[in-house]
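Novice: Spelled out from the first residue to the last, the chains are:
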Amino acid sequence: MTLIPPENLERFTQAPASLELYRITKKFGDFTAADEISLTVPPGTVHALLGENGAGKSTLVKCVMGFHPATSGEIMVGGHVQEIQHPSDARKYGIGMVYQHFTLVPSMTVTENLVLSRPDVPAAVNWKQETARLEEFMATEAPFKVPLHKRASELAAGEKQKTEILKQLYLKSRILILDEPTSVLTPAEATEVLALLRQMTVAGKLSIIIITHKFREVFSFADDVTVLRRGKLAGQGKVKELDRDTLAAMMMGGASEAKRAPSAPPATGPKPTAPASTRRTALRVKQLSVLGDNGITAVKDVSFELAAGEVLGIAGVAGNGQRELMEVLGGQRPAASGTLEAHDQPYRGTRRDILTHQFHTLPEEPLRNACAPMLSVAENIALRTFDQPPQARWKWLLNFRAIRKSALPLIEAYSIKTRGPDTPIRDLSGGNVQRAILARELSTRPIKILVVSEPCFGLDFAATDFVHQKITEARDRGVAVLVVSSDLDELLKITDRLLVMSGGTITYETPTATADVAVIGSHMAGHG
Amino acid sequence: MAELSATSSGQPGSPGLAAPTPGPRLKRAWGPAFEAILVPLGAILLALVLFGLFCKAQGQDPFKVYASIYKASFGSWFAFQNTLMRTAPLMLTALCTALPARLGMIVIGNEGALVMGGIGAVIAGLAVPAWPPHLALGLMALSGMIWGGLWISLSAGLRQYRGVNETISSLLLNYISIAILNHLVNGPMKDPSSLNKPSSFPIAEEIMLGRITFGDFTMRVHWGLGYGLVACVILWFLMQRTTFGYQARFIGANPKAARLGGLPVNRTTLITCFLAGGCAGVAGMVEVAAVHGRANESLAAGFGYAGILVAFVARFHPLAIVPVSLLLGGILASSGILQRAHKLPDSTSLVFQGLVFLVILFSDSLYGRFKIFKP
Chain A
20 MTLIPPENLE RFTQAPASLE LYRITKKFGD FTAADEISLT VPPGTVHALL
70 GENGAGKSTL VKCVMGFHPA TSGEIMVGGH VQEIQHPSDA RKYGIGMVYQ
120 HFTLVPSMTV TENLVLSRPD VPAAVNWKQE TARLEEFMAT EAPFKVPLHK
170 RASELAAGEK QKTEILKQLY LKSRILILDE PTSVLTPAEA TEVLALLRQM
220 TVAGKLSIII ITHKFREVFS FADDVTVLRR GKLAGQGKVK ELDRDTLAAM
270 MMGGASEAKR APSAPPATGP KPTAPASTRR TALRVKQLSV LGDNGITAVK
320 DVSFELAAGE VLGIAGVAGN GQRELMEVLG GQRPAASGTL EAHDQPYRGT
370 RRDILTHQFH TLPEEPLRNA CAPMLSVAEN IALRTFDQPP QARWKWLLNF
420 RAIRKSALPL IEAYSIKTRG PDTPIRDLSG GNVQRAILAR ELSTRPIKIL
470 VVSEPCFGLD FAATDFVHQK ITEARDRGVA VLVVSSDLDE LLKITDRLLV
520 MSGGTITYET PTATADVAVI GSHMAGHG
Chain B
767 MAELSATSSG QPGSPGLAAP TPGPRLKRAW GPAFEAILVP LGAILLALVL
817 FGLFCKAQGQ DPFKVYASIY KASFGSWFAF QNTLMRTAPL MLTALCTALP
867 ARLGMIVIGN EGALVMGGIG AVIAGLAVPA WPPHLALGLM ALSGMIWGGL
917 WISLSAGLRQ YRGVNETISS LLLNYISIAI LNHLVNGPMK DPSSLNKPSS
967 FPIAEEIMLG RITFGDFTMR VHWGLGYGLV ACVILWFLMQ RTTFGYQARF
1017 IGANPKAARL GGLPVNRTTL ITCFLAGGCA GVAGMVEVAA VHGRANESLA
1067 AGFGYAGILV AFVARFHPLA IVPVSLLLGG ILASSGILQR AHKLPDSTSL
1117 VFQGLVFLVI LFSDSLYGRF KIFKP
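Line order of the protein sequences matches chains A and B.
Okay, so the first sequence: first residue is 20 according to our numbering, each after it adds one.
Okay, so the second sequence: first residue is 767 according to our numbering, each after it adds one.
Hints were generated in silico from the structure; no laboratory data involved.
Where a beta carbon is used, it is the ideal one built from N, C-alpha and C, also for glycine.
Just so you know, not all the hints are guaranteed correct.
Covered by chain B, per the in silico footprint, the following chain A stretches (three or more residues, Cβ under 8 Å) [said to hold, decoys possible]:
no.: 1; stretch: 347-358
no.: 2; stretch: 390-398
no.: 3; stretch: 402-414
If you want the ones that stay clear, here's a sample from chain B, every Cβ over 12 Å from chain A, calculated [stated by the list, open to error]:
no.: 4; residue: 808
no.: 5; residue: 953
no.: 6; residue: 955
no.: 7; residue: 956
no.: 8; residue: 1019
no.: 9; residue: 1030
no.: 10; residue: 1101
Use the sequences and the hints to build the structure in full.
Specialist: Rendered as structure tokens:
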């Protein structure tokens, strides 16, 4: 590690230094989470880092913060290569991070929160002195005021976020990394906080890297933008020189197609011959509204129909209600209003309904949403069939031999890497869990309705092709398939019809064959 | 998140079953089983050492104390029968914690369910004094089971439909049930002749639960022991070998995934808790029908709370409950001797139980830490 005399370190905490990442690569095992990414943040600028979930944004900034050192590549602060192995190194160079969620202790006052966040807080705090020092800091350096004597729990979300930012300034961070700082704020609060930060960068007091997937923030506040996609650099440039639709296309994929032939995306496989109108409706969603975890409407008045032998895609930036919609379809979340109908009958998600309509669901993050982690691979695969013969005798007795016997060929066919069918499924790697759940949901022959979300998240290319092939096969057998994905390339490849979801509603519909990526992109971006 | 996808890198290539990891076959097959037995055993050893230090601090020779405990619990046929009499209710009350634990719930309302079961059994017994003994006993057991079962179902219902923490509610229900018992034996059910210890009217001698007999050999131990053994085996079978047990285990492992499969989460939870409370209720029935002959405050003698300990030590496994109940039954049987022979206070056996409980809870954090058990 380069040893820098303390007096030289001081400059990092006076004014922001330039920050430069040069071909940063971060690998986890065989998986490359960030692939040779370079970017430059000159002093006093705002650099936006844009990308879908899992694109590698967090991985990249965690390398900068020293949470996990990069596998290869260099980080330059102030024009010199610096080794950042640990968060304390990052702090030395004046780099600080503000997280998406608050890190304030709710029961403590702002003063206490700020003082206690210091790395060198003494065992006995002289509160009088500290308060005086803080008040001086507030009077001279702080760009905005927060009530020092209030408890953190009494602050509004915007004030809390301001306090988090003040904390970093108080800790003398001059390069701030903000991880989706506005996701917990109202639009007005977000605008206020970002505008204040913008002023500070313009005054040359700060540099900022902001992780976001809101285009509005990029265009109003950032100087430069870097777009990541699947761990790779998908685009980079000055915000002034880019427009929204280009940015959306970079972020979601399909950018190359957009340039090549906006009106004719690649045709896929054999399309079903019958026009959609004559095929039977398998799933009908009528004016569905759903509340999110926070009690705020996440899905608003969504209606659509899904026909047998059709693959319908729902595109959208993550967090626009897709997860809640999926959970209602999977019977994991009650609907606030609206109805579901399968084959023209009301569908309530009971086991009998699932069996009658052969309605299978494959949610995102299967280990969390679709598996019993402690149970074995075979037992997890048996979720759909355990109460049917031959796995159940006389409806009551479990036949373990049959359960293992039906799991073995699936383990083989879906290339699930496991020590055996009796291994607890939590011991498998994520990709293999995904395969096991795919095997469970796709293998039952008479399956009629299939709803999948992010089916290829975390899978390699071969496995992705395999999943796409299975979905297409199912479609050709007459299964009605709904695919929710934040990967537009995937949807363009395997769907027949596309819906765009934004702000909890369906904002756009198009047949995939004549889809215009630019139009889809602008609808995903929330204006169109 | 990036990390998630990182760990989930699906390896290309097609070999389905990975090559078996090198290592002795025996270890692969039995490693986890050894771990499940050796960890609690080690924990109990540690508890023995700690309790020994406690005895030392009290000025007693720990080895002599342990020798007395052994003598008073397993040292003679007489002592062993004493132990067995305590084993019976322990097995039944332990199931009250062990079954809901499979659903991811920590229920500690065993004492309350036992008391309610005892009340239910007395009411049934008083209603049919002249029935043939077997029928009357069956009715009493059924009534005890229903009362105890409904008691714990109350906790389950509060949790499933109202989001009330089942540990807190079941604990508080214990106090309520004891208050109900006191109200009944001081009021509507009071036998005027029970002056020192307010009690209900006694059930008829003829329909009391008899002692275990083989031919002309009669033990002092009553048939409650049989009830306990049968309940442990049946419920083990239910949880491990039936579709109902699969549902319960799946719900316990991940309720969200269970809903995805359309499993009836609320119904399964309520039924499991009913069965669990039913077991503790039968323990109450056994105490009434075999020991006290009536309902009074002796019902709440602590078998419910000791059952929680048994369930934890047995790691909620219905069959493991049998030997663990025997061990703890021995400790309970020896509490008198500690006072008489070593001048240790009566509550010393509670200190021992408490130490075992703490060490067992601690040992739960040790699973998976020892390489030697890894398959």
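Novice: In terms of Cβ atoms, is chain A entirely out of 12 Å range of residue 1019 of chain B?
Specialist: 3 Å, violated
Novice: Does the claim that residue 808 of chain B lies outside the interface with chain A hold up, using a Cβ gap greater than 12 Å?
Specialist: 22 Å, holds
Novice: Quick check: do three or more residues in the stretch 347-358 of chain A have a beta carbon closer than 8 Å to a beta carbon of chain B?
Specialist: holds (count 3)
Novice: Just checking, residue 1030 of chain B versus chain A, shortest CB gap more than 12 Å?
Specialist: It is violated; residue 1030 of chain B is separated from chain A by about 7 Å at its closest Cβ, not greater than 12 Å.
Novice: Taking 12 Å as the cut and beta carbons as the points, is residue 953 of chain B off the interface with chain A?
Specialist: 44 Å, holds
Novice: Evaluate the condition: distance from the CB of residue 955 of chain B to the nearest CB of chain A exceeds 12 Å.
Specialist: Residue 955 of chain B clear of chain A: closest Cβ-Cβ about 40 Å, beyond 12 Å.
Novice: So is the stretch 402-414 of chain A in contact with chain B by the C-beta rule, three or more residues under 8 Å, or is the coverage claim wrong?
Specialist: n = 6 at 8 Å, threshold three: holds.
Novice: Between the stretch 390-398 of chain A and chain B, are there enough contacts, at least three residues with CB-CB distance under 8 Å, for the coverage claim to hold?
Specialist: With 6 residues in contact (Cβ-Cβ under 8 Å with chain B), the coverage given for the stretch 390-398 of chain A holds.
Novice: Please confirm whether residue 956 of chain B is truly not at the interface, meaning its C-beta sits more than 12 Å away from all C-beta atoms of chain A.
Specialist: Non-interface label on residue 956 of chain B holds, nearest chain A Cβ at 45 Å vs cutoff 12 Å.
Novice: Would you say residue 1101 of chain B is clear of chain A, with no C-beta pair closer than or equal to 12 Å?
Specialist: 37 Å, holds
In summary, the structure is inconsistent with hints 8, 9 from the numbered list given earlier, while agreeing with the others.
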